[in-house]
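J.: Sequence order for the protein chains is H and R. Each residue of the first sequence is one higher than the last, beginning at 613 in the working numbering. Each residue of the second sequence is one higher than the last, beginning at 96 in the working numbering.
These are computed hints drawn from the structure, not numbers from a lab. Positions of the beta carbon are idealized from the N, C-alpha and C atoms, including for glycine. Do not take every clue at face value.
[Stated by the list, open to error] Here are the in silico distance ranges between beta carbons for each label pair:
| hint | chain 1 | residue 1 | chain 2 | residue 2 | range |
| --- | --- | --- | --- | --- | --- |
| 1 | H | 891 | R | 102 | 26 to 32 Å |
| 2 | H | 630 | R | 174 | 27 to 33 Å |
| 3 | H | 900 | R | 99 | 40 to 46 Å |
| 4 | H | 879 | R | 277 | 52 to 58 Å |
| 5 | H | 901 | R | 298 | 39 to 45 Å |
| 6 | R | 305 | H | 816 | 43 to 49 Å |
| 7 | R | 100 | H | 630 | 39 to 45 Å |
| 8 | H | 901 | R | 302 | 27 to 33 Å |
| 9 | R | 277 | H | 891 | 40 to 46 Å |
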Amino acid sequence: MSVLGVISQLLEIALALLLAPLLVGWINQWRAWLQNRSGPGLLQPYRLLHKLFNKESVLAHHASPLFRAAPYIVFSCMLLASAIIPTLSTDLPLSPAADAIALVGLFALARVFVSLAAMDVGTAFGSLGARREMLIGFLAEPALLMVLFSASLIPKSTSLTTIVETLAHRDLAIYPSLAFAGVAFAMISLAENARVPVDNPTTHLELTMIHEALILEYSGRHLALLEWAASLKLFAYSCLGLALFFPWGVAEAHAPLELVLALPALVLKLAVGGALLAVLETVSAKMRIFRVPEFLGTAFMLAVIGVLVHILGV
Amino acid sequence: MSLLATQLINLFAAAILLLAFAMISQRRILSLIHLFTLQGIALVAATAVVGYVTRQPHLYLSAGLTFLLKVILIPLLLHRVIKRLDVRWDVEALINVPTTMLIGIVLVIFAFNLAQPIARLSLSIAGGTLGIALACVLLSFMMMIIRSKAVPQVIGFLSMENGLFFAATSATYGMPMVVELGIALDVLVGILILGVFMFQIREQFDSLDIRHLEKLKDS
Chain H
613 MSVLGVISQL LEIALALLLA PLLVGWINQW RAWLQNRSGP GLLQPYRLLH KLFNKESVLA
673 HHASPLFRAA PYIVFSCMLL ASAIIPTLST DLPLSPAADA IALVGLFALA RVFVSLAAMD
733 VGTAFGSLGA RREMLIGFLA EPALLMVLFS ASLIPKSTSL TTIVETLAHR DLAIYPSLAF
793 AGVAFAMISL AENARVPVDN PTTHLELTMI HEALILEYSG RHLALLEWAA SLKLFAYSCL
853 GLALFFPWGV AEAHAPLELV LALPALVLKL AVGGALLAVL ETVSAKMRIF RVPEFLGTAF
913 MLAVIGVLVH ILGV
Chain R
96 MSLLATQLIN LFAAAILLLA FAMISQRRIL SLIHLFTLQG IALVAATAVV GYVTRQPHLY
156 LSAGLTFLLK VILIPLLLHR VIKRLDVRWD VEALINVPTT MLIGIVLVIF AFNLAQPIAR
216 LSLSIAGGTL GIALACVLLS FMMMIIRSKA VPQVIGFLSM ENGLFFAATS ATYGMPMVVE
276 LGIALDVLVG ILILGVFMFQ IREQFDSLDI RHLEKLKDS
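Could you build all of it, start to finish, from the sequences and the hints given here?
T.: Here it is in structure tokens:
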């Protein structure tokens, strides 16, 4: 463990915490522009977090300790997830603690707790949202695992830093399996982050909401933590996608200069990705909930074909 | 250089397979035609890269022919046909989409295994993509079987021709020019005849559902 490694690890965590709300603001701003509205401004998510942290948190009378603990668990899961995904550098002291499979497990842990907390108070919307979240989760997780497998078959390691190091710093090679995995990953991230074809992040309409139904009972600092965790999740997924499919610009170990250059590269890639996401959300309509299994089934199948294309050696 | 070219060919091959899968999962005819056009573009790109690497000028010619035919002319004809038949939002398949996908995966594994010994014999630069080409042929075949309407079946037929063409390019650097011209003409004439055919089916049965054709007599 080098000093530089510790620095880049800390930098990465701080960056994730600070940039994640900005990414959400950026996407919302683009969506507003594309829909001919003027938009709330880039800093709106920070203002929202500030407001929520200063508000009193209201709890239901029969809320169990689990309900109170869940926001902290979810937030720390997402924070750890964004800490082990190599965004700036591949020299991360925390990354041996968790590989790609454990990363999927982290997301699953957060999902289980947020669903349990939603059912805890016993409102109809909470359990409705929890069921839908679980429906999406159990279909998206195997697909995500398959995507990560098809990426990890190339360097023959499931450690995220090794994968990114291999993909970013070996001589230029085009892997057809990654093309399949990339499309599958895009579909999974749309579903997992409650973006438009699967769920609308801005709706509070009872019949269609998934993510909003889960956190309906929360207020004050708990809601702030959950909102922050949601933006961290989006940030983590974006960074994972960038790290696997567009890994150029991520710094190697013992290269302080590259670390300096990695930051603008990451911001640029996230800005382009966020704008593309906004375009995608604007041009597509939300699908019926019963279409979601088909959508995610397609993603799973694409990921499986990615693995097959690699194994059968095209 | 040659390594990068091989990888590029592999990438285009993967795109062709990806589009074949997108086509069997697509329900709307309009999107189906767009996907078919995209597949044509990927095919043109793959052929051109093979031609560039092996310095075979006749492959450029066949790429140009494919572009003219499958990216411009046939999609244009199909657009006209569906506009005049008014079937832009047709949604019908005999098997539901997830099952189709699963069968598709099985077909891909089968095709890859089948093509592996042949690809090992091939000295061509893109020999490894033979499995993908074969998988495309089988997938389009399946698309023709599971669709009950005439227009998707025609598109499946054309997509199968795409797969065959790609197989020829990847295994043996393309067919002789005479054969290629003949096939191009055949496809063009075929689509014209099928277009007329579709109008006739509609005239007779007031629908494009080919299940009506199973009855021999009109009652």
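J.: Give me the numbers of the hints this structure contradicts, sorted from smallest to largest.
T.: Checked against the structure, the only hint that fails is number 2, while the rest are satisfied.
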